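Chemist: From first to last, the protein sequence lines stand for chains A and B. Using our numbering, you'd call the opening residue of the first sequence number 262 and step up by one each time. Using our numbering, you'd call the opening residue of the second sequence number 43 and step up by one each time.
Calculated from the structure, these hints are not laboratory results. In this text the structure is predicted, and so the values were computed from the model without any measurement. Ideal Cβ positions, reconstructed from N, Cα and C, are used throughout, including at glycine. Hints may be right or wrong, so weigh each one.
[Unchecked claim] Short, incomplete list of chain B residues facing chain A, as computed with Cβ under 10 Å: (1) 43; (2) 44; (3) 137; (4) 144; (5) 178; (6) 207; (7) 314; (8) 317; (9) 319; (10) 337; (11) 342; (12) 384; (13) 388; (14) 434; (15) 437.
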Amino acid sequence: MAIELLIKNGVVYDPINGVNGEKKDICIRDGKVVAEVKNPTVLDAKGRVVMPGGVDVHAHIAGGKVNSGRLFRPEDGRRGSEPKTTACRACSGYSVPNTFATGYRYAKMGYTFVMEPAMPPLAARHTHEELIDTPILDNATIPLIDNNWMTMDYVKSGDIDLLAAYIAWIIKATKGYGVKVVNPGGTEAWAWAKNCDLNDAVPHFDVTPAEIVKALAEANEKFEMPHSIHVHGNMLGHPGNYEMTLDTYDLVKGVKATKDRPVMHATHTQFFAYGGTTWGDFESKAKAIADYVNNNEHVSIDLGSVILGDTTTMTADGPMEYSLHQITGRKWTNHDVELETGSGITPFLYSGKVSVHTLQWAIGMELALLIKDPWKVALTTDHPNAGPFVGYPILISMLMSKKRRDESAADMHSAIYKKAELPSIDRELDLYEIAIITRAGTAKILGLDAHGKGHLGLGADADVAIYDITPEERDAGKIQKAFLNTKYTIKGGQVVVMDGEVVAAPAGRTFFVTPECDPKLTEEMMPNLKDKFEHYYSVTFANYPVQDAYVPNPYEIKAPMRG
Amino acid sequence: MEVTDVVCPLCGCVCDDVVVEVEDNKVTKVKGACAVGKSKLMGHGRITSPAIRENGILKDCSYDAAIKRTAEILAAARRPLMYGWSSTVCEASKVGIELAEEIGAVIDNTASVCHGPSVLAIQDVGLPSCTLGEVKNRADLVIYWGANPAAAHGNHMKRYSYISKGYFLPEGKKEKKLAVVDVRETKSAKLADVFIRIEPGKDYLVLSALRALLLGYEDVVPEEVGGVPKKDLLELVKMMEETKFGIIFFGMGVTHSRGRHNNIVNAIQVTRAAHKHTKFNIMPMRGHYNVNGFNQVCTWETGFPYSVDLSEGYAWYNPGETSSTDLLMRGECDAALFIATDPGAHFPGESIRHLSKIPVIQIDPYANPTTEFADVVIPAAISGIEAEGTVYRMDNIPLRLRKIVDTEYMTDEAIMKGILKETRLLTLSRRL
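Build out the structure end to end from the sequences listed, making use of the hints.
Modeler: Encoded structure:
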């Protein structure tokens, strides 16, 4: 028998379908949005705000470095202890929650899809094992392909077709979603304790980071990939890096997208929008970044906005984590991955009493407020780097309330009035814009709107968040509270959160992309790949690809090769 | 029939290039594994049947009966302990953790008597490390400290470190240096370019001296430290500073000598000090093939790597209070489940005395000293030979063990699922 649900009397924000705060019923049958229902269970939303399930474009929730973060921070584990319930497993952690807490806490915020954006291919099984153990959330994960020796071989030879054949192979072998770039060249250089600027030659490989980025964007666009390349550029977190950031965007300006989307997603842009030459004359350059994004169509960004407090930073940008550890002296883990990538982890405290942190806090929000078109911006904290995802409701309330921003700024370091734009910005985002930067736009950036995510049109996945506020609510505190714990979250037609409590925890699905490469190119690429396994990898070619057992609830997206 | 790319279920090296011959559902030949790995893959004496102890004697029974009896013991226990997990696959551990939550058990793995001190050190200062392929391709200086791979990790040097050839070191060991630090001249030490023999229990001192030298404080280092002449230390430091990529592999000689986790903290600080000069890494030589895997699973599922007390419904981690030996020495637990391990051989005598007083369940393919006092014995399929599943190499690389022969034994995962199901039925009926 069909399972039906009717959400009545909600005020719906569904930007992909142009629905802006309309009183509208939503009919659900067998996990999908339908036109009508016959015998439904009725949920009365009573004038509350209704949105599609949230879609997070970038959060480090699963895999080797997340787990190394948990392992080396039992003090963080204790901050989030919650006992098991009839529906839930035991929870732990704040900035590095266990997988169960990750699923539950996102669902409580009305999120139903999360992208894990940094999978080391060699350890892909690990990422998938954790995603299996992350309840409720549909998910996907992007393999790191930029510091890869195969990639650099083809960048050097200039053979984009063979590079395309390789990225197709590795995305399939890792059950991945696209192409991730993290400090291209710099992480390979870090294997010798060095780093790279955008135009430096990568030691021993005779290519530059700029060439890597451009070539990967071109190779990605050989297929009808749902998502553009996903880029964490060079010199993250360094004063004065904004010019290199803009140069990086410019690299792919001429690349033509195979789909109606940008050709580069620039992630956690807050960390790339810095002026000055040292931490002393450090200043916000969010406006320069925003101007570029406003004047161009080929780049989307996410914020990487700061949540004040203690967190755990982690990235495949090994040299960056080492620099951070040098600044703070706090514990530091590093894990370089042969032929592919690396990673570093160190705890970090963002304090509103420190000028640099205060400016970082301002920059993330400035980007959200200065970029005019919300479809180009995604709300993230680069969880857990700029703060944990449970801080999103704080951020939403700030973006919606100039008053709250001003009150917060008054308590922070005075540098915010001299070196940041934020105090002078009056813009307040409305619920429609919030819906864009947290689900509709993020689904489009990831190409998931065509697969039922980020909207509530007919045939969409019945992922719905019902927030316990009316559209008229202006109290920032109440807005924050509502976005932290939904009245109801519905995932695939099933009520999973009720009155802020998780009542059911079904397994999520893993979305992965199958780029359909011309077999002739794959064949031509294969000897080089096999040579890498024969001589340099520490695992065999046969044992490398992720087996189907690691994706028990698959959703495959085929990406045909462009003719 | 020849099976290639077999993943060896023996030590933390998890060699995945082993070739075996299978005839009549039996492994008849093994190529590429070390002697110990080969012996395991070839197979030896097994527990033949599930059994329950009655009047002091183990009597054969069915799997169902043994699983039901296990569930009764666990459901009735107020302070159960579930220990082992290092020689089985992660899939079994996951079910184990779920069961531990269900019954409020303490769940722990062999790390607590092995590299537990290394984990404590990592929690203090972190771990600058890398995958084994990085070592193979780049490391021109390999240091084994308190570890004897020639005996314990038979293929480690050949596949991953000193003897292997790599991208930047195509000539292999001709281009590399090997240093061994130990209290005796081990088999590994005999291969070394530099062997530094230290007095037992003096690791911390010697590490401190190296750290001082690497940081430029030669003046504070006396002429002899821990039995090592200063000039030998200076020679080692010179090698460390001049290397392009160095790695320290450390073993139980450091974790279990005087100083314990403090030794590892100091070793990691030495690595960091060396990192000021060049690229330097450090890695624990994990023993069992999946001791790391349990720590990984336990961390992502509970937030903590081992010695996790779930009696209050949430995870409480405090080694020194919540490890298996802590519980047993205090005479605190009233039932114990051991899987893929042998506390009978490895735990202190006093804790074994407590085990003799409480119901003990053993799940293992092989009889061992624990079998002598177990009240329920459940034989399991051998992971990596008769069952597939996920394991984590010593460098956190996950690999999937292959099933190469058929078996009638239940897998660890299936046994644990059976126990979970039966235990839930009992706890549910008790609640009703």
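Chemist: Compare the structure with each hint and give your call.
Modeler: Hint check results:
1. 43: Violated - the Cβ of residue 43 of chain B stays beyond 10 Å from chain A, reaching only about 16 Å at its closest.
2. 44: violated (13 Å)
3. 137: The hint is violated - residue 137 of chain B has no Cβ within 10 Å of chain A, the shortest such distance being about 12 Å.
4. 144: holds (9 Å)
5. 178: It holds, given that the least Cβ distance between residue 178 of chain B and chain A is near 6 Å, below 10 Å.
6. 207: Constraint on residue 207 of chain B satisfied, holds at 8 Å.
7. 314: Hint holds; residue 314 of chain B Cβ to chain A Cβ min 8 Å, cut 10 Å.
8. 317: holds (7 Å)
9. 319: At about 9 Å, which falls below the 10 Å cut-off, the nearest Cβ of chain A leaves the hint on residue 319 of chain B intact, so it holds.
10. 337: Where the cut-off is 10 Å and the nearest Cβ of chain A is about 7 Å from residue 337 of chain B, the hint holds.
11. 342: holds (5 Å)
12. 384: violated (26 Å)
13. 388: violated (23 Å)
14. 434: With Cβ-Cβ at 7 Å, under 10 Å, it holds.
15. 437: holds (8 Å)
Going through the hint list in order, the structure does not satisfy hints 1, 2, 3, 12, 13.
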